[in-house]
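Whole structure, please, built from the sequences with the hints as guidance.
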Amino acid sequence: MKQVEDAEILEKFSNEKTRNEAFNLLLSKYQQKIYWHIRRLVIDHDDTDDLVQDVFIKVWRNLEKFRSDSQLYTWIYRIATNESITFLNKKKQRNNTPLDEVSEELADSLVESAYFNGDKLQLKLQQALLTLPEKQRLVFNMKYFD
0 MKQVEDAEIL
10 EKFSNEKTRN
20 EAFNLLLSKY
30 QQKIYWHIRR
40 LVIDHDDTDD
50 LVQDVFIKVW
60 RNLEKFRSDS
70 QLYTWIYRIA
80 TNESITFLNK
90 KKQRNNTPLD
100 EVSEELADSL
110 VESAYFNGDK
120 LQLKLQQALL
130 TLPEKQRLVF
140 NMKYFD
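The opening residue of the sequence shown carries number 0 in numbering that gives the first Met the number 0; numbering runs sequentially from there.
To be clear, the hints were calculated from the coordinates, so they are not data collected in a lab.
Among the clues, some could well be false.
Claimed, not checked - Below 25 Å or equal to it, Euclidean Cα-Cα: the simulated BS3-like pairs (lysine-lysine) are:
# : residue 1 : residue 2
1 : Lys11     : Lys90
2 : Lys90     : Lys57
3 : Lys57     : Lys11
4 : Lys89     : Lys57
So, in structure tokens, the structure goes:
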């Protein structure tokens, strides 16, 4: 299937009659990439699914304000990053625990997750990444995965 260009998505989104089609094209083009970006940050599959949904709701509500200063993916990626960081900070505050304890909890959830299908080396890498401070983990993920 031919990959749809961002300009075509934006053009369709600007027309009320083709807005839903445009959003479906946007989802099919970017949903999986955004899922894995968020998943590497928050680790848990269910939390990731919720955040992906929140991100694309935000995209839907704000797409007409997109100014094309950057690529569409870059804009969506930034929204996803901000939503993930906000989620992690809320989780830290809600549990009233230091971030390193939240990271330990996330590392434990990796071992138990039915959605993690990596080998032992990948598991060790993800657990090691969770020991990094939030900003360093974000930079690592951006450099090596994105």
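Hints and how they fare:
Among the hinted pairs, Lys11 with Lys90 is inconsistent with the structure: their alpha-carbon atoms are about 37 Å apart, more than 25 Å. A threshold of 25 Å between alpha carbons decides the hint, and for Lys90 with Lys57 the separation of about 20 Å falls inside it, so the pair holds. In summary, the hint linking Lys57 to Lys11 is supported, as the alpha carbons are separated by about 18 Å, within the 25 Å threshold. Taking the CA atoms of Lys89 and Lys57, the gap is about 18 Å. The hint holds against a cut of 25 Å.
The structure shown violates just one earlier hint, number 1.
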